[in-house]
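**Q** Chain order of the listed sequences is H and D. All residue numbers for the first sequence refer to the working numbering, where the first residue is 1 and numbers rise by one. All residue numbers for the second sequence refer to the working numbering, where the first residue is 1 and numbers rise by one.
Some hints could be false.
Some chain H residues well away from chain D (every beta-carbon gap over 12 Å; in silico) [stated by the list, open to error]:
{"id": "1", "residue": "Ala7"}
{"id": "2", "residue": "Ala21"}
{"id": "3", "residue": "Ala37"}
{"id": "4", "residue": "Asp42"}
{"id": "5", "residue": "Phe46"}
{"id": "6", "residue": "Thr49"}
{"id": "7", "residue": "Thr55"}
{"id": "8", "residue": "His66"}
{"id": "9", "residue": "Arg78"}
{"id": "10", "residue": "Thr79"}
{"id": "11", "residue": "Ser80"}
{"id": "12", "residue": "Leu91"}
{"id": "13", "residue": "Thr97"}
{"id": "14", "residue": "Gly102"}
{"id": "15", "residue": "Thr103"}
Pair by pair, the computed Cβ-Cβ distance ranges are [what the hints assert, rightly or not]:
{"id": "16", "chain 1": "D", "residue 1": "Lys150", "chain 2": "H", "residue 2": "Thr55", "range": "33 to 43 Å"}
{"id": "17", "chain 1": "H", "residue 1": "Gln8", "chain 2": "D", "residue 2": "Arg100", "range": "13 to 23 Å"}
{"id": "18", "chain 1": "D", "residue 1": "Thr191", "chain 2": "H", "residue 2": "Arg74", "range": "15 to 25 Å"}
{"id": "19", "chain 1": "D", "residue 1": "Asp181", "chain 2": "H", "residue 2": "Pro41", "range": "49 to 59 Å"}
{"id": "20", "chain 1": "H", "residue 1": "Pro41", "chain 2": "D", "residue 2": "Lys150", "range": "11 to 21 Å"}
{"id": "21", "chain 1": "D", "residue 1": "Glu16", "chain 2": "H", "residue 2": "Glu63", "range": "23 to 33 Å"}
{"id": "22", "chain 1": "D", "residue 1": "Pro205", "chain 2": "H", "residue 2": "His54", "range": "19 to 29 Å"}
{"id": "23", "chain 1": "H", "residue 1": "Glu114", "chain 2": "D", "residue 2": "Trp209", "range": "57 to 67 Å"}
{"id": "24", "chain 1": "D", "residue 1": "Glu52", "chain 2": "H", "residue 2": "His54", "range": "52 to 62 Å"}
{"id": "25", "chain 1": "H", "residue 1": "Gln8", "chain 2": "D", "residue 2": "Thr5", "range": "52 to 62 Å"}
{"id": "26", "chain 1": "H", "residue 1": "Ser94", "chain 2": "D", "residue 2": "Val192", "range": "18 to 28 Å"}
{"id": "27", "chain 1": "H", "residue 1": "His53", "chain 2": "D", "residue 2": "His28", "range": "39 to 49 Å"}
{"id": "28", "chain 1": "D", "residue 1": "Thr88", "chain 2": "H", "residue 2": "Asn77", "range": "39 to 49 Å"}
Just so you know, the hints here were simulated from the structure itself, not pulled from any lab data. Virtual Cβ for every residue (Gly too), placed ideally from N, Cα, C.
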Amino acid sequence: MHELSIAQNIIDIVGRYVPPAEQERVRKVTVRLGALAGVVPDSLAFCFTAIIHHTPLANAVMEMEHVPFTVACRSCNRTSATEPGIVLCPLCGSRDTEIMSGTELQVVSLEVDEPTPGAL
Amino acid sequence: MSIITIERKVLEKNDEVARQNRALFADHGIFVLNMVSSPGAGKTSILERTLEELRDKLSIAVIEGDVQTDLDALRVAKYNVPAVQIVTSGGCHLEANLVREAISNLALDSIDLLIIENVGNLVCPSNYDLGEAMKVVVASTTEGDDKPLKYPAMFRNSSVLIINKIDLIPYIPCDLGVLKDNALRINPSLTVFEVSCTKKLGITPWCEWLLENTRQKPAS
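Extracted from the complex, chain D is given alone in its bound form:
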């Protein structure tokens, strides 16, 4: 009997492809976001509002990840931006190799900002680096103010928190202060935006932040 010492990260293969993606994005000067949330929090709606506001200022492309259908890519395509749909056929998250295949359909030289909308799921996507500059987690007020405590890894691994559906606060038992405080207990360095996609509230500060960060193209 002998012991073979390994000490390797289980997801090293994914991490290696993510590193290659990241290098490719850096070569082409593309700022890349990985948007994550539970299903129905409003990732696609935020994307639509963002495209409305920024499509004349930046060249934006979108990768949509869903378990089934290309409905989201069709929604986004109405804004005349390149959109690639990844259908995972049951898979609960995107992996770096799926993104690598998807970007082969995009003209990388002409893109400033690539937004990857992950599969709606607050657990699995947190483990899989796609090569993004940062993760943006969306939490909607209807999910309750304790969400960050229940799904800490996702809030820990994100750089930005967008709180959506703030127009519904008067009607539901969600305390915005508690929600933010819970998120900051998990990750004190989160940048927080509060928006309502249906009432078009708070979209401009988020888009200004995004515009500035895309133009700076911070090292990822």
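With the rest of the complex left out, here is chain H:
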């Protein structure tokens, strides 16, 4: 249940780019979630919606980019997707691998309407 804290952190980051008074312009918040980030997508979506309810950000939707867990093998020089967290190379069984993706927990971008001309 740390998704509430994660959702709040995402909204705090949005606030650094678009001040709260102007957040009605925010259409979409894109986040990137690795398979090993330890975040439950449904739970994060629920918490995000709960926090923005009745705020200027209420018009925004959150879009999630899901990133698979992949390891690069130094023995056979191939990169493969594996079960999240399993760092054995699925092709040759070597333990000499490096995690290439799957631990991401990032705010990627915002999609915003242009400010209304003449508006304060």
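Please build the complex by placing chain D on the supplied structure of chain H, with the hints as guidance.
**A** For chain D alone, coordinates are given in the frame of chain H:
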């Protein structure tokens, strides 16, 4: 319509406070462990055995994280070491700012080793850097030998694995070899210790390792 590119880590605020904590610990030459496990694996019991063995050799302080009560801080205080309780009141993990507040209650200049006992939870604490030198994950044999596969992030992010309750192996369906192998599949660089806190088995190798690492104060 326009796109604002951000590309920032969601937990960058926590990471920044963790960096400040880490710098503070380095300034005072304190070796800091973040102990994590599921509830009941034996973090506090390991802490008690560790304090028994090392309190005359090192100056140790403890931060206890729990959802409710100061029972753990009271257990630890019996060993005459400074202990600060953080009650998260429902929060499932410690964050770097909670640790920053807690250490304001400690005389940092006189501490060699600070052990932070996180909230019992194998999921959430793995995301939150507290400024520690390393995470120590405790897995008890009664939880089953498949635990590392079910909670890979925590085993991945830890440097040390302590397997507790090894005295119960004869009575339960847990294969110690399988448990270790599963953990090493997730994180081949784990240093593994096998202990029983109730029978006081395996405590000395762990404490010797801890003593050596605290005295070296490796760069964090």
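**Q** Determine for every hint whether it applies to the structure shown.
**A** These are the hints, each one checked on the structure:
For Ala7(H), the condition that its CB be more than 12 Å from all CB atoms of chain D is violated, with the nearest at approximately 9 Å. Listed as a non-interface residue, Ala21(H) keeps its Cβ farther than 12 Å from every Cβ of chain D; the least gap is roughly 16 Å. Not every CB of chain D lies more than 12 Å from the CB of Ala37(H), the least distance being 7 Å, so the non-interface label is violated. Distance check for Asp42(H) against chain D: the nearest CB is about 15 Å away, which clears 12 Å, and the non-interface claim stands.
In this structure Phe46(H) is separated from chain D by more than 12 Å, as the shortest Cβ-Cβ distance comes to about 16 Å. Every CB of chain D is more than 12 Å from the CB of Thr49(H) (nearest about 17 Å), matching its label as outside the interface. No Cβ of chain D approaches the Cβ of Thr55(H) within 12 Å, the least distance being about 19 Å, so the stated non-interface status holds. With a closest Cβ-Cβ approach of about 15 Å to chain D, His66(H) is found to remain outside the 12 Å limit, as its non-interface label requires.
Its beta-carbon lying about 18 Å from the closest one in chain D, Arg78(H) satisfies the requirement of being farther than 12 Å from that chain. With a cut of 12 Å on Cβ distances, Thr79(H) stays outside the contact zone with chain D, its closest approach being about 18 Å. With a closest Cβ-Cβ approach of about 15 Å to chain D, Ser80(H) is found to remain outside the 12 Å limit, as its non-interface label requires. With a least beta-carbon separation of about 15 Å from chain D, Leu91(H) lies farther than 12 Å from that chain, consistent with its non-interface assignment.
Thr97(H), annotated as away from the interface, has a beta carbon of chain D within 12 Å; the closest lies near 9 Å. With a minimum CB-CB distance of about 10 Å to chain D, Gly102(H) fails to clear the 12 Å threshold, and the non-interface call is violated. Some Cβ of chain D comes within 12 Å of the Cβ of Thr103(H); the nearest lies about 8 Å off, and the non-interface call is violated. Roughly 37 Å separates the CB atoms of Lys150(D) and Thr55(H), a value that falls within the hinted 33 to 43 Å.
Under the hint 13 to 23 Å, the C-beta atoms of Gln8(H) and Arg100(D), about 18 Å apart, fit the expected range. Checked against the given bound of 15 to 25 Å, the beta carbons of Thr191(D) and Arg74(H), roughly 22 Å apart, stay inside it. Restraint check, Asp181(D) to Pro41(H): a C-beta distance of roughly 30 Å breaks the suggested window 49 to 59 Å. Evaluation of the 11 to 21 Å hint for Pro41(H) and Lys150(D) yields a pass: the beta carbon distance comes to about 18 Å.
Between Glu16(D) and Glu63(H) the Cβ separation comes to about 26 Å, which falls inside the hinted range of 23 to 33 Å. At roughly 57 Å, the beta-carbon separation of Pro205(D) and His54(H) lies outside the given 19 to 29 Å, and the hint is violated. In this structure, Glu114(H) and Trp209(D) meet the distance hint of 57 to 67 Å, their C-beta atoms being roughly 60 Å apart. For the pair Glu52(D) and His54(H), the supplied restraint of 52 to 62 Å holds, since their beta-carbon distance comes to about 54 Å.
Remark: the range hint 52 to 62 Å for Gln8(H) to Thr5(D) is contradicted by a beta-carbon distance near 22 Å. At roughly 20 Å, the beta-carbon separation of Ser94(H) and Val192(D) lies within the given 18 to 28 Å, and the hint holds. The hinted range of 39 to 49 Å is satisfied by His53(H) and His28(D), whose Cβ atoms lie roughly 44 Å apart. Between Thr88(D) and Asn77(H), the C-beta spacing of about 45 Å keeps the proposed range 39 to 49 Å intact.
When the structure is compared with the earlier hints, violations turn up for hints 1, 3, 13, 14, 15, 19, 22, 25 and for no others.
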